[in-house]
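Asks: Chain residues, written in single-letter form:
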Amino acid sequence: MSVKNILIVGVGGQGTLLASKLMGKCFMNIGYDVKVSEVHGMSQRGGSVVTYVRYGEKVYSPVIEKGEADIIISFEQLESARWLPYLKKGGVLISSTQKIDPMPVIMGKAEYPSDILSKIREKGVELVSVDALGLALEAGTAKCANIVLLGAAVRFLGIDKEMWVDIIKSTVPEKTIDVNLKAFELGYMA
Amino acid sequence: MKKALMLGNEAVARGLWEAGVNVVSSYPGTPSTEITEFVSKYDDIYSEWAPNEKVAFEVAFGAATGGARSFCAMKHVGLNVAADPLYTASYIGVNGGMVCAVADDPGMHSSQNEQDSRHHAIASKTPMLEPSDSAECCTFAKIAYDLSERFNTPMLLRLSTRVSHARSIVELNDRNEVGVKDYKKDVMKNVMMPAMARGAHVRVEEKLRAMTDFADTEAVEAGINTVEYNDRKIGIIAAGTSYTYAREAMGETASYLKLGMVNPLPVKLIKDFAAKVEKLYVIEELDGIIEAHCIKLGVKVTGKDLFSLLGEYSQATVRNTLTDEKADFDAFDEEIPARPPVLCAGCPHRGLYYALKGMGLYVSGDIGCYTLGAQAPLSMMDSCVCMGASVSGLHGFNLARGKEQAKKSIAVIGDSTFIHSGITGLIDIAYNKGISTVIVLDNSITGMTGHQNNPANGLTIKGDPTVAVNLEALARAVGFSNVVVVDPFDIEGTKAAVKAQLEKEEPSLIISRRPCALLKTVKHEKPVTVNEDKCIGCKACLNVGCPALSFTKRENGKALATIDVTQCVGCGVCASACRFGAIGKGE
Numbered sequence: 001m002s003v004k005n006i007l008i009v010g011v012g013g014q015g016t017l018l019a020s021k022l023m024g025k026c027f028m029n030i031g032y033d034v035k036v037s038e039v040h041g042m043s044q045r046g047g048s049v050v051t052y053v054r055y056g057e058k059v060y061s062p063v064i065e066k067g068e069a070d071i072i073i074s075f076e077q078l079e080s081a082r083w084l085p086y087l088k089k090g091g092v093l094i095s096s097t098q099k100i101d102p103m104p105v106i107m108g109k110a111e112y113p114s115d116i117l118s119k120i121r122e123k124g125v126e127l128v129s130v131d132a133l134g135l136a137l138e139a140g141t142a143k144c145a146n147i148v149l150l151g152a153a154v155r156f157l158g159i160d161k162e163m164w165v166d167i168i169k170s171t172v173p174e175k176t177i178d179v180n181l182k183a184f185e186l187g188y189m190a
Numbered sequence: 001m002k003k004a005l006m007l008g009n010e011a012v013a014r015g016l017w018e019a020g021v022n023v024v025s026s027y028p029g030t031p032s033t034e035i036t037e038f039v040s041k042y043d044d045i046y047s048e049w050a051p052n053e054k055v056a057f058e059v060a061f062g063a064a065t066g067g068a069r070s071f072c073a074m075k076h077v078g079l080n081v082a083a084d085p086l087y088t089a090s091y092i093g094v095n096g097g098m099v100c101a102v103a104d105d106p107g108m109h110s111s112q113n114e115q116d117s118r119h120h121a122i123a124s125k126t127p128m129l130e131p132s133d134s135a136e137c138c139t140f141a142k143i144a145y146d147l148s149e150r151f152n153t154p155m156l157l158r159l160s161t162r163v164s165h166a167r168s169i170v171e172l173n174d175r176n177e178v179g180v181k182d183y184k185k186d187v188m189k190n191v192m193m194p195a196m197a198r199g200a201h202v203r204v205e206e207k208l209r210a211m212t213d214f215a216d217t218e219a220v221e222a223g224i225n226t227v228e229y230n231d232r233k234i235g236i237i238a239a240g241t242s243y244t245y246a247r248e249a250m251g252e253t254a255s256y257l258k259l260g261m262v263n264p265l266p267v268k269l270i271k272d273f274a275a276k277v278e279k280l281y282v283i284e285e286l287d288g289i290i291e292a293h294c295i296k297l298g299v300k301v302t303g304k305d306l307f308s309l310l311g312e313y314s315q316a317t318v319r320n321t322l323t324d325e326k327a328d329f330d331a332f333d334e335e336i337p338a339r340p341p342v343l344c345a346g347c348p349h350r351g352l353y354y355a356l357k358g359m360g361l362y363v364s365g366d367i368g369c370y371t372l373g374a375q376a377p378l379s380m381m382d383s384c385v386c387m388g389a390s391v392s393g394l395h396g397f398n399l400a401r402g403k404e405q406a407k408k409s410i411a412v413i414g415d416s417t418f419i420h421s422g423i424t425g426l427i428d429i430a431y432n433k434g435i436s437t438v439i440v441l442d443n444s445i446t447g448m449t450g451h452q453n454n455p456a457n458g459l460t461i462k463g464d465p466t467v468a469v470n471l472e473a474l475a476r477a478v479g480f481s482n483v484v485v486v487d488p489f490d491i492e493g494t495k496a497a498v499k500a501q502l503e504k505e506e507p508s509l510i511i512s513r514r515p516c517a518l519l520k521t522v523k524h525e526k527p528v529t530v531n532e533d534k535c536i537g538c539k540a541c542l543n544v545g546c547p548a549l550s551f552t553k554r555e556n557g558k559a560l561a562t563i564d565v566t567q568c569v570g571c572g573v574c575a576s577a578c579r580f581g582a583i584g585k586g587e
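These protein sequence lines map, in sequence, to chains E and L.
Reading the first sequence from the start, the letters are residues 1 to 190 in my numbering.
Reading the second sequence from the start, the letters are residues 1 to 587 in my numbering.
It should be emphasised that the hints constitute simulated quantities derived from the structure, not laboratory data.
There could be a bad hint or two in this list.
Quick look at which bits of chain E chain L covers, simulated, 3 or more residues with Cβ under 8 Å [what the hints assert, rightly or not]:
hint: 1; segment: 22-36
hint: 2; segment: 55-61
hint: 3; segment: 75-84
hint: 4; segment: 104-115
hint: 5; segment: 118-126
Quick list of in silico lysine-lysine cross-link-like pairs, DSS-like style, CA-CA up to 25 Å [what the hints assert, rightly or not]:
hint: 6; chain 1: L; residue 1: K41; chain 2: E; residue 2: K21
hint: 7; chain 1: L; residue 1: K523; chain 2: L; residue 2: K585
hint: 8; chain 1: E; residue 1: K169; chain 2: L; residue 2: K3
hint: 9; chain 1: L; residue 1: K300; chain 2: L; residue 2: K233
hint: 10; chain 1: L; residue 1: K526; chain 2: E; residue 2: K143
hint: 11; chain 1: E; residue 1: K123; chain 2: L; residue 2: K326
hint: 12; chain 1: E; residue 1: K143; chain 2: L; residue 2: K520
hint: 13; chain 1: L; residue 1: K304; chain 2: E; residue 2: K66
hint: 14; chain 1: E; residue 1: K58; chain 2: L; residue 2: K3
hint: 15; chain 1: L; residue 1: K526; chain 2: E; residue 2: K99
hint: 16; chain 1: E; residue 1: K58; chain 2: L; residue 2: K142
hint: 17; chain 1: E; residue 1: K89; chain 2: E; residue 2: K119
hint: 18; chain 1: L; residue 1: K41; chain 2: E; residue 2: K175
hint: 19; chain 1: L; residue 1: K2; chain 2: E; residue 2: K169
hint: 20; chain 1: E; residue 1: K99; chain 2: L; residue 2: K558
hint: 21; chain 1: E; residue 1: K161; chain 2: L; residue 2: K3
hint: 22; chain 1: E; residue 1: K4; chain 2: L; residue 2: K3
hint: 23; chain 1: L; residue 1: K279; chain 2: L; residue 2: K326
hint: 24; chain 1: L; residue 1: K553; chain 2: E; residue 2: K109
hint: 25; chain 1: E; residue 1: K109; chain 2: L; residue 2: K558
hint: 26; chain 1: E; residue 1: K169; chain 2: L; residue 2: K41
hint: 27; chain 1: E; residue 1: K89; chain 2: L; residue 2: K326
hint: 28; chain 1: L; residue 1: K41; chain 2: L; residue 2: K3
hint: 29; chain 1: E; residue 1: K109; chain 2: L; residue 2: K539
hint: 30; chain 1: L; residue 1: K523; chain 2: E; residue 2: K175
hint: 31; chain 1: E; residue 1: K4; chain 2: L; residue 2: K326
hint: 32; chain 1: E; residue 1: K175; chain 2: E; residue 2: K161
hint: 33; chain 1: E; residue 1: K99; chain 2: L; residue 2: K553
hint: 34; chain 1: E; residue 1: K109; chain 2: L; residue 2: K357
hint: 35; chain 1: E; residue 1: K182; chain 2: E; residue 2: K161
hint: 36; chain 1: E; residue 1: K175; chain 2: L; residue 2: K520
hint: 37; chain 1: L; residue 1: K526; chain 2: L; residue 2: K553
hint: 38; chain 1: L; residue 1: K539; chain 2: L; residue 2: K495
hint: 39; chain 1: L; residue 1: K268; chain 2: L; residue 2: K233
hint: 40; chain 1: L; residue 1: K433; chain 2: L; residue 2: K403
Built from N, CA and C at the ideal position, the CB exists for glycine as well.
Let's have the full structure, built from the sequences with the hints guiding it.
Replies: Below, the structure is given as structure tokens:
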């Protein structure tokens with residue numbers, strides 16, 4: 001198969017790295033070649049962050065370019081707009097409805113665009129919006145919004161759901177398994 | 001065969017373990033930091049955080065002299081600090097093998113410049129390997145030890161952000177327990193005085209010639225340098241990340257010479273490859289080093305005429321340059337506000353900066369999280385060069401502009417950066433009768449690289465208790481008689497203390513002490529609350545630049561301060577900014 005590209009975007013500190021780690025592990029277990037490229041360091045906190053997940057028979061480049069992503073998983077609306085050009089024509093954008101004001105907006109130097117998701121949808125983009133934060137709180141903690149979004153994305157990956165459940169169980173800290181599985185299920189059903 | 005999905009940095013650590021490495025000493029620096037963090041999880045390897053890269057290199061080199069396989073890691077600019085020992089270590093050679101990993105940062109994700117560390121390899125006459133993915137990180141690390149011992153030289157392992165911070169699949173092998181070699185005193189080899197060094201230089205040049213032969217022959221058999229012939233209309237020479245981008249973009253429509261050893265570069269291999277392809281390109285991020293080598297060999301290539309000296313490449317860089325393919329995509333039609341990284345909610349640096357804002361100070365800055373204070377709304381930095389330059393740079397600035405300016409100038413430097421190379425600047429100020437005021441932002445951790453312990457926080461790399469540098473006593477010992485400690489959340493107290501020290505025509509050290517808000521050991525207060533009857537919507541609180549604070553419209557249409565309770569840790573700096581007492585402690 002040709003290489004599949006998944007872009008995970010959000011705000012530094014939102015937990016994008018756990019989602020990419022789980023995906024990488026799952027694709028490797030299935031037998032694909034995998035590359036996951038991340039942004040590290042405290043200095044990224046509060047900034048726009050991106051993680052690239054690529055899998056297929058043989059993956060060379062660790063990054064995804066404009067027009068190449070089969071799926072974008074976005075943890076925040078403004079980031080959905082920012083990274084939209086990376087979505088392949090016909091790709092799927094899974095976006096949290098959460099909004100986090102960046103510093104120029106807090107300072108009143110810039111405006112947070114209105115109705116971002118409906119404007120993206122008007123372009124004919126296949127968009128799945130998920131109240132990731134609300135569902136995460138329903139699962140037990142705001143911290144598992146990342147797993148809610150992973151659950152929502154899994155529907156588009158054509159990989160057995162049970163496989164993901166096993167990966168979550170074997171990766172997250174034992175105390176958090178139940179809440180993460182609940183978050184995954186809520187995302188999957190969203 | 002067991003395999004795992006590993007970060008490049010994790011794979012280097014695995015390679016070190018498998019190679020039987022015994023001693024590792026590093027200073028953190030993005031994107032190299034995780035190598036040593038992963039190493040610290042192996043009980044078979046001694047590991048430590050050193051005060052700076054020069055010390056780390058010298059510890060590793062000393063261990064190699066003592067017969068152990070040793071290692072140090074640093075970011076590209078860290079190698080500048082370690083350059084002094086590097087350039088002579090190559091003359092001396094090793095006993096046990098030694099490898100120094102250096103991680104470049106094309107695109108400057110978290111660096112102050114975009115230097116190409118291959119120049120250091122060439123200038124210091126040190127061989128350099130460059131892996132392109134995690135599997136090669138592991139195997140090249142192991143190969144580097146064999147080469148180090150065989151050719152009697154320290155080795156450089158060049159990484160970059162997209163290799164260090166990308167996960168890919170690595171095959172896991174057992175540890176090769178090589179032990180520690182005997183040490184025999186050998187003054188001609190190990191003592192670099194002019195008489196010995198002249199002989200050593202002859203040996204270095206011989207080694208490099210031998211390694212060039214290796215690059216042309218055995219390196220191909222060992223899979224370090226590889227050739228892939230496909231369509232021969234286009235031939236591409238590349239290494240590391242650039243190879244992955246080229247191979248991704250061009251597939252089997254081009255032939256490839258992939259170089260895993262980037263110093264010394266092969267000769268015959270390049271000439272042979274060039275002869276077998278119609279049009280030859282060199283694709284290399286940053287400087288045109290392979291290209292210059294080809295030109296020297298009389299090989300006709302195209303490189304920097306088409307490919308930029310600036311920034312990170314990708315498959316699109318190659319595709320857009322060498323093919324007619326065009327990417328097709330949608331874009332959002334409105335302007336999208338930038339989202340720069342910011343000081344975290346509850347960051348102690350914010351309190352210090354906010355206290356000093358409005359005092360009209362010249363702020364000589366340094367490298368760390370607190371560099372983020374240069375941005376609006378705090379805007380509390382006038383200069384930032386390199387590790388430690390805030391202290392020495394302030395002394396120079398004050399010499400240029402005189403006593404009165406010195407009373408309006410400060411340096412800000414973090415605890416780890418101060419230990420790294422701020423202390424030498426402090427000695428310079430005291431020794432030369434300067435009157436500068438230096439503020440150490442002591443948050444008890446090396447923050448920006450992701451929380452590493454350091455000599456000032458009393459914990460080793462493994463988290464074990466150890467002695468901590470006493471910053472107050474250290475400053476007094478070098479000749480600073482004015483040493484005061486402030487709490488950066490006490491805005492008025494901090495302001496008064498800094499004013500008092502600036503007035504003195506003597507050198508002063510102020511320690512702004514409060515641990516990083518993200519440390520697990522830090523207990524947070526309840527989020528602050530906004531009294532909507534008192535808030536008049538003046539937005540003065542926004543000047544603290546806190547991501548947990550914004551303005552939202554209430555039902556009556558008035559825009560008032562709003563606290564994001566998921567982020568706020570109740571530090572209260574915003575409360576100090578409110579003249580109307582509208583922001584209060586949470587209950």
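Asks: Now tell me, hint by hint, if it's right for this structure.
Replies: Comparing the hints with the structure gives:
| no. | hint | in the structure |
| --- | --- | --- |
| 1 | 22-36 | holds (count 7) |
| 2 | 55-61 | holds (count 3) |
| 3 | 75-84 | holds (count 5) |
| 4 | 104-115 | holds (count 10) |
| 5 | 118-126 | holds (count 5) |
| 6 | L/K41 / E/K21 | 19 Å, holds |
| 7 | L/K523 / L/K585 | 15 Å, holds |
| 8 | E/K169 / L/K3 | 19 Å, holds |
| 9 | L/K300 / L/K233 | 14 Å, holds |
| 10 | L/K526 / E/K143 | 18 Å, holds |
| 11 | E/K123 / L/K326 | 20 Å, holds |
| 12 | E/K143 / L/K520 | 16 Å, holds |
| 13 | L/K304 / E/K66 | 23 Å, holds |
| 14 | E/K58 / L/K3 | 16 Å, holds |
| 15 | L/K526 / E/K99 | 23 Å, holds |
| 16 | E/K58 / L/K142 | 24 Å, holds |
| 17 | E/K89 / E/K119 | 16 Å, holds |
| 18 | L/K41 / E/K175 | 22 Å, holds |
| 19 | L/K2 / E/K169 | 20 Å, holds |
| 20 | E/K99 / L/K558 | 21 Å, holds |
| 21 | E/K161 / L/K3 | 23 Å, holds |
| 22 | E/K4 / L/K3 | 21 Å, holds |
| 23 | L/K279 / L/K326 | 22 Å, holds |
| 24 | L/K553 / E/K109 | 17 Å, holds |
| 25 | E/K109 / L/K558 | 19 Å, holds |
| 26 | E/K169 / L/K41 | 23 Å, holds |
| 27 | E/K89 / L/K326 | 13 Å, holds |
| 28 | L/K41 / L/K3 | 18 Å, holds |
| 29 | E/K109 / L/K539 | 13 Å, holds |
| 30 | L/K523 / E/K175 | 22 Å, holds |
| 31 | E/K4 / L/K326 | 19 Å, holds |
| 32 | E/K175 / E/K161 | 22 Å, holds |
| 33 | E/K99 / L/K553 | 15 Å, holds |
| 34 | E/K109 / L/K357 | 20 Å, holds |
| 35 | E/K182 / E/K161 | 13 Å, holds |
| 36 | E/K175 / L/K520 | 17 Å, holds |
| 37 | L/K526 / L/K553 | 24 Å, holds |
| 38 | L/K539 / L/K495 | 22 Å, holds |
| 39 | L/K268 / L/K233 | 20 Å, holds |
| 40 | L/K433 / L/K403 | 12 Å, holds |
The structure fails none of the hints (numbered hints given earlier).
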